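Visitor: Spelled out, the chains give:
There are 2 protein chains.
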Amino acid sequence: MKKIINDPERFVDEMVEGIVLAHPHLVKHPGQDPRVLVRADAPVAGKVGIVTGGGSGHLPLFKGYVGQGLCSGVAIGNVFSSPSVQQCLEAAQAVDGGKGVLFLYGNYGGDVFNFDLAAEMAELEDIEVRTVLGRDDVASQPKERKADRRGVAGIFFAYKTAGAAAERGDDLAGVAEVAERTVERTATMGVGLSPTILPTTGAPSFELPDGQMEIGIGIHGEPGIHRGELRSADEIADSILDAVTADLDLAEGDRVAVLVNGLGATPLEELYVLYRRVHTRLSDLGVSVERRYVGEYATSLEMAGASISLLKLDDELLELLDAPARSPFFQEA
Amino acid sequence: MKKIINDPERFVDEMVEGIVLAHPHLVKHPGQDPRVLVRADAPVAGKVGIVTGGGSGHLPLFKGYVGQGLCSGVAIGNVFSSPSVQQCLEAAQAVDGGKGVLFLYGNYGGDVFNFDLAAEMAELEDIEVRTVLGRDDVASQPKERKADRRGVAGIFFAYKTAGAAAERGDDLAGVAEVAERTVERTATMGVGLSPTILPTTGAPSFELPDGQMEIGIGIHGEPGIHRGELRSADEIADSILDAVTADLDLAEGDRVAVLVNGLGATPLEELYVLYRRVHTRLSDLGVSVERRYVGEYATSLEMAGASISLLKLDDELLELLDAPARSPFFQEA
Chain Y
1 MKKIINDPER FVDEMVEGIV LAHPHLVKHP GQDPRVLVRA DAPVAGKVGI
51 VTGGGSGHLP LFKGYVGQGL CSGVAIGNVF SSPSVQQCLE AAQAVDGGKG
101 VLFLYGNYGG DVFNFDLAAE MAELEDIEVR TVLGRDDVAS QPKERKADRR
151 GVAGIFFAYK TAGAAAERGD DLAGVAEVAE RTVERTATMG VGLSPTILPT
201 TGAPSFELPD GQMEIGIGIH GEPGIHRGEL RSADEIADSI LDAVTADLDL
251 AEGDRVAVLV NGLGATPLEE LYVLYRRVHT RLSDLGVSVE RRYVGEYATS
301 LEMAGASISL LKLDDELLEL LDAPARSPFF QEA
Chain V
1 MKKIINDPER FVDEMVEGIV LAHPHLVKHP GQDPRVLVRA DAPVAGKVGI
51 VTGGGSGHLP LFKGYVGQGL CSGVAIGNVF SSPSVQQCLE AAQAVDGGKG
101 VLFLYGNYGG DVFNFDLAAE MAELEDIEVR TVLGRDDVAS QPKERKADRR
151 GVAGIFFAYK TAGAAAERGD DLAGVAEVAE RTVERTATMG VGLSPTILPT
201 TGAPSFELPD GQMEIGIGIH GEPGIHRGEL RSADEIADSI LDAVTADLDL
251 AEGDRVAVLV NGLGATPLEE LYVLYRRVHT RLSDLGVSVE RRYVGEYATS
301 LEMAGASISL LKLDDELLEL LDAPARSPFF QEA
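Chains Y and V, in that order, are what the protein sequence lines are.
Following the working numbering, the numbering of the first sequence begins with 1 at its first residue and continues without gaps.
Following the working numbering, the numbering of the second sequence begins with 1 at its first residue and continues without gaps.
It should be emphasised that the hints constitute simulated quantities derived from the structure, not laboratory data.
Treat each hint with caution, since some may be false.
Here are the simulated DMTMM-like cross-link-like pairs (lysine to aspartate or glutamate), alpha carbons at most 20 Å apart as the crow flies [said to hold, decoys possible]: (1) Y:Lys143 / Y:Asp249; (2) Y:Lys28 / Y:Asp13; (3) V:Lys28 / Y:Glu290; (4) Y:Lys28 / V:Glu290; (5) Y:Lys99 / Y:Asp41; (6) V:Lys99 / V:Glu120.
Only a predicted model underlies this, so the values are computations on that prediction, with no experimental measurement involved.
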């Protein structure tokens, strides 16, 4: 156990307290529930609200993306556990500015169940709700079952584009369309080099011996597509790129945004070693890297590893990526 | 070994290649040496240049803070090793806009030796050079030997304030005074929970058994002031705060900026648990937290642990902290 924590049962609440103490000008609790956060100026009248949420342990996901030009609110679960129906509903109520609310979160059973119930309850209060699920993890299902894929780091792209669309005043159908288009054009695959240690038990979430890696691993340690001896950074980048470029049917002349994401314990230096290969390989394919993000965008506590996400751009998505945004963990001026 | 690398001997060069491929609009090599980086618009005529540098393995230190409103250039050593005299000199030459150059880096013997020689050589070319050393690590020397302290994460504050002073057009004496004042008013202490693994050897840099912690540890694993059983986040925060608040003679009515910095493998969640206690304790003391930074600002590869830095503010330093800045790893709009 190498964790800087107090009572493990209070881990999530204390972390949220820290975020609110640190960033009171950016986020606030709309009510008494410490597991619901919204942007400090919510609700924004006349603009679509965007609510995300899911289990804790993935910072900056999910609560780090609440702010101007990104999500409007978040429902916060325990580590790797879904938020409650009531929390999802409270977030929707608190961000509704009269133009409806988009639920935008990763495709996990518990989250879907609770957000769907909250959507029904919100509709009873005349809050119009649409749902778009992040489902970018190529390793979780084959292409023909794309709708069943899990959501991982690539949801960052959808936060950014849908958030910008909401900010410029698009209606709910428009914001949902942007989010859906972004998800459809995003593919991610990860590699894990060590397990996550759960704060409550102090035990690893799965076994992965030193010197081994698992390609395609999920952000909760869900099984990947290949386990074996740790390979070189370039070989790892190539394996992942082969999968995601095929999935997106990338061809010469296409433009992409790249996200090289650290899962927690992997140094930023190693992410840049990966980025180097990704950039070079894409250039060799004639694919132009228009924007790139390198760092920790969606983690799994202290798991060592990384993921690579590509978003196949069109003109509008690129413009939305560049729109201003400001949250505790992401800024685009 | 849990590293995503290729040839360990090429680790630093490949990482730098990745940074330049990712951020060509922000940084560039001024010449042929891949270990020298400067901001993309260097030299900026009529402005003081700021050069930093040191060993690799600390990203975002040092190369992550090259950009507008921060450092102008960086000389890049191997992992935990000093850059060469020639690299320090080339960085100075490349950023000199006719108003002189400030060398601003951490107080380590090899770095001081090489930067001092480079300063002499630069003076021969009529480039005026001043030097300010980061020396914020309270654990490394007692208060009466403050000048001999090591530099750690708190140098971020000096980059920010001195960089803003240079950007607004202060002369070399003025920029150096701002940097020196910031360093004088900054105190840091860290805690390590696991060793760093060196890429070239695959071996830990020091031994620290699971379940133990070392308070006051340096960012290369230099010995701290207390080793013992891992304590709670609040107890760790209290130990560090007791030391840094005493060092800065903080009293009711003082204003500070806080940096809660992750050393590499510690999840952002845990940094916010620490921040929660820091904020509460400072508020109880009647000290006002004017600005706060929580995340990885100066790491030690994959070391688990964190550091807490305080900067005792005055009106000008606060204004300089808020000035615009943009580098690959830090943005203030």
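Visitor: Hint by hint, which ones does the structure fall short of?
Guide: Per hint list: zero violations.
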